[in-house]
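For the protein sequence lines, the chains are A and B, in the order given.
Its first residue numbered 1, the first sequence is counted upward by one per residue in UniProt numbering.
Its first residue numbered 1, the second sequence is counted upward by one per residue in UniProt numbering.
Hints listed in this document are in silico derivations from the structure and should not be mistaken for laboratory results.
All residues carry an ideal CB built from backbone N, CA and C; glycine is no exception.
Careful, some of the hints might be misleading.
What the hints assert, rightly or not - Stretch-level coverage of chain B by chain A, calculated; a stretch enters the list once three of its residues show a Cβ under 8 Å from a Cβ in chain A:
hint, region
1, 130-138
2, 150-157
3, 207-214
4, 220-229
5, 388-397
6, 466-477
Stated by the list, open to error - No more than 35 Å apart at the CA atoms, straight line, and that leaves these computed lysine-lysine pairs for DSBU-like:
hint, chain 1, residue 1, chain 2, residue 2
7, A, Lys334, A, Lys317
8, A, Lys317, A, Lys338
9, B, Lys443, A, Lys443
10, B, Lys443, A, Lys441
11, A, Lys64, A, Lys286
12, A, Lys261, B, Lys261
13, B, Lys317, B, Lys264
14, B, Lys441, A, Lys441
15, B, Lys286, B, Lys261
16, A, Lys441, A, Lys64
17, A, Lys443, B, Lys441
18, B, Lys330, B, Lys257
19, A, Lys441, A, Lys482
20, B, Lys290, B, Lys257
21, B, Lys290, B, Lys441
As the list claims (entries may be wrong) - Derived Cβ-Cβ restraints for the label pairs, each shown as a range:
hint, chain 1, residue 1, chain 2, residue 2, range
22, A, Glu132, B, Ala186, 31 to 39 Å
23, B, Arg97, A, Arg33, 34 to 42 Å
24, A, Glu459, B, Thr325, 38 to 46 Å
25, B, Leu238, A, Leu480, 20 to 28 Å
Protein chains: 2
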Amino acid sequence: MPSSVQPTPYTNGHTTNGLTNGHHHAEHEERARDVGILAMEVYFPNNFVDQAELERFDGVSAGKYTIGLGQERMGFCTDREDIVSLCLTAVERLMRRTGTSYADIGRLDVGTETLIDKSKSVKTNLMRLFEESGNNDVEGVDNLNACYGGTAGLFNSLDWMESSAWDGRLALVVAGDIAVYASGNARCTGGAGAVAMLIGPHAPLVFDQGVRSSFMQHAYDFYKPDMASEYPTVDGQLSIRCYMEALDRCYAKYRQKFAAKIFKNTTTPVNLDCLDFMVFHSPFTKLVQKSLSRLILSDFLAHPEPDYTGKHAGLEKYRGVKLNTTFADKDLEKLLLKLSHDAFSSKTDASLMVARNVGNMYTASLYGGLASLISSHTVEELSKRRVGLFSYGSGVAASLFSAHFVPSDRLTQLVESFRNLRQRLDERSKTAPEEFDAILKSKESTHHSAPFTPAAPVEAVPRDAYYLESIDGMHRRQYLVKRDS
Amino acid sequence: MPSSVQPTPYTNGHTTNGLTNGHHHAEHEERARDVGILAMEVYFPNNFVDQAELERFDGVSAGKYTIGLGQERMGFCTDREDIVSLCLTAVERLMRRTGTSYADIGRLDVGTETLIDKSKSVKTNLMRLFEESGNNDVEGVDNLNACYGGTAGLFNSLDWMESSAWDGRLALVVAGDIAVYASGNARCTGGAGAVAMLIGPHAPLVFDQGVRSSFMQHAYDFYKPDMASEYPTVDGQLSIRCYMEALDRCYAKYRQKFAAKIFKNTTTPVNLDCLDFMVFHSPFTKLVQKSLSRLILSDFLAHPEPDYTGKHAGLEKYRGVKLNTTFADKDLEKLLLKLSHDAFSSKTDASLMVARNVGNMYTASLYGGLASLISSHTVEELSKRRVGLFSYGSGVAASLFSAHFVPSDRLTQLVESFRNLRQRLDERSKTAPEEFDAILKSKESTHHSAPFTPAAPVEAVPRDAYYLESIDGMHRRQYLVKRDS
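Extracted from the complex, chain A is given alone in its bound form (with noise of 0.2 Å):
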């Protein structure tokens, strides 16, 4: 916390200190207000991957990663943490830089695709925080659906405090995941990290009410059957279509909503205009920008009377279609990016600078990308703004949903704490693709072993990190965290 801003305690806004001094605040809200997020924590690991040099190293055409899928850099864990290291670090930060107590956690919900156990949750695991609070009385367990359980537990932690269930206290979410793939051209779209944030009511970041629309489906586009791999089965290109297709349904619904719900009535047209952000879940940034353009497309399906002078200029013969018709039309593709490019300068790409830089962070991605968004703006350039937020899981679980940022002391403490987001990135160690290979193959051989005992240094574990420290013959694990001496 930079020192010339003053914390604001993270009261529940009828005391001034109600949430440092114990359990159960009988005084509280009936239900809460304007509940977002409070405070937000990212953690990537200090090892990367040059993405042009994975090139080289996998004989591909020199910008395949870079260009094509818009990569720079993937980050990557050693055998010295795993995804109960990745939240116990993300969420142990969180809780010591904004001096929040474990006694004022009422709820903890963890999203995950990152499996080391068929029952134990990790959110269990992050029992062990809670401790020395004496604090054993914490809702919520782990949420699962791939890249999805984040968002699954961010709604889950927004209803409960909600709810005559809330008595109160604060919402811990965390999302984390480490994402490698199999030798191949999938493995470039790896990644690692965990995201926490602090939920409560009177947010910097609210979200916005009754308006967040899903699409759930059954498909096989990208799973993991083989228990014992942590490779995933991937279909690429259906799982694009997936993607792309929730987008659209999300989209055109979400729409109905917000007109519904904050502009109450369903005349004056909800298009790209109402969001002045827009973040998405990223499995490589290209189909980012190929998302924010599809959305051009549903705004002039929908508008009664395109401008084709201007921002509907060439979209004519499209005038009739049907969305889900258009995955494999690469002339509208072109033709949309094109169109959305200023969109996509002003709304979206700060985002992506995560995902560029750290890769797919699966469940984590999406609220990577909010802090990237955080990080590249000032708290003038976000005060009064809405940012939409899509959220993709394969299988198929998707929500798009809005918050939107409230000026206070809180948002600027939230600004403050990502201004040094683009300096830790750069900060992390460059791995040569030759031991990144190596590392994955020795990981290969010794997943899920036990007894284990991690080969990598523990000096290269950073500062108020936690990391494995061994895995007994029971399986079972013991963490460390590595502080200054």
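Starting from the known structure of chain A, fit chain B onto it as the hints suggest.
What follows is chain B alone, placed relative to chain A:
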């Protein structure tokens, strides 16, 4: 549905046909009231092993499983059923019987620890059932923490219905598991089944607001770190101790919350008299009997003036004892079992019918207990009575919460729906332990195999049940449903 009972539509309370004509009921109540279980469906496989026969087969002393653990029969699945088919069956039967349209469901939560994929949720598999309705806007994914996932899903659905995200539609909660253990003395504690619940406002079984208490802790008591195996890693003694401690802690906090929220003061004592029925997660039914008796100890220790001539007779020397020092005290355990005899008979015994006859259904166990309780009582016996529910999942996640029965046509329907539960248990097919053992051995060798064609005959699949038709080389599963021809 018996013809003598006219179905009452599950409306949102403001319109009489609001839930049968589509989505997004603009006129719905701002906040759902009296939210609870509208209807339930319990599904268990058609095969069982007799526990006395299993004692002989395993070469253990007679009575070890039947008297020592309190188990009579154990249900199990052939390779024709998996977690997806169990849940498909429970949901589809519930929806058909109640005449509910898939378009009227706004949320679907699944709880399971029977993982067949590390990424794709069971919930997305259940979206197959929604295809015909065209409804894809259905929130909720899988909730993962051992036997607790169903309760986590239930809480999430209840919170959603009381939140600003609620749009007037109903929620579905599905809990299901296949519990199997490696050969040896834990195998007899297996089981299998699924429970689907239709959740909505103005319910016949309404959850009490603001009293649910939880106990979450990091423990390695029961977990599944061997991703390739169906079998868990279990520290039996630790697991029982964790269960007992979680119960003690949840009950203490529940009483505090009950006093504050329901008695509206903290001086009127809350004790077991406040709960007309008490249902527990049941790993084996003898543990439930002991658990109920521990609540007597908690009440005694909290009582200002113990009645040593009556309900506390013999507890004199335990007056100053700490609850968490008593887990291994066999004399105390015997005394408590004696003192709790009547309470067990009236409050809990009837809830164990499915648990005794099917075994541990993991996430579905508690809700199978609730169904057993309802099936064993008349509408009059249930009306205006309160039922306590204790949910436990290893790792540890546990909650104690309660609900009360509201006399209405819907309560009559709920009771009628379970009238044939005992008969359904008795109509299953008995399998000899030898054959059961051979089936599990065969499943071990084919677990997670692809491609795979199940060996068990389709003829043995019950009517209106879904079954696994095949798994292709990409691990994609195909299901069919058995109908009368």
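If you draw a straight line from the CA of lysine 64 of chain A to the CA of lysine 286 of chain A, is it 35 Å or shorter? Holds. Lysine 64 of chain A to lysine 286 of chain A sits at ~11 Å (cutoff 35 Å).
Holds or violated: lysine 290 of chain B with lysine 441 of chain B, Cα cutoff 35 Å? holds, 34 Å
Between lysine 330 of chain B and lysine 257 of chain B, does the CA-CA distance stay at or below 35 Å? holds, 31 Å
Taken at face value, is the distance from the CA of lysine 261 of chain B to the CA of lysine 261 of chain A at most 35 Å? holds, 33 Å
Mind checking the hinted window 20 to 28 Å against the Cβ distance between leucine 238 of chain B and leucine 480 of chain A? holds, 23 Å
Compare the distance between the alpha carbons of lysine 334 of chain A and lysine 317 of chain A with 35 Å, and conclude whether the hinted pair is satisfied. holds, 15 Å
Is lysine 290 of chain B within 35 Å of lysine 257 of chain B, Cα to Cα? Judged against 35 Å, a Cα distance of about 24 Å means the pair holds.
Within 35 Å, alpha carbon to alpha carbon, are lysine 443 of chain B and lysine 443 of chain A? holds, 28 Å
Please check whether the region 207-214 of chain B has three or more residues whose CB lies within less than 8 Å of a CB on chain A. Per the Cβ count (5), the hint holds.
Holds or violated: are the alpha carbons of lysine 441 of chain B and lysine 441 of chain A at most 35 Å from each other? holds, 32 Å
Coverage claim, chain A over the region 150-157 of chain B, checked by counting residues with Cβ within 8 Å (three needed): Holds: 3 residues of the region 150-157 of chain B have a Cβ under 8 Å from chain A.
Pair hint lysine 317 of chain A and lysine 338 of chain A, alpha-carbon separation not exceeding 35 Å: Satisfied, since the Cα-Cα distance of roughly 16 Å is no more than 35 Å.
Hint check: no violations occur; every hint is consistent with the structure.
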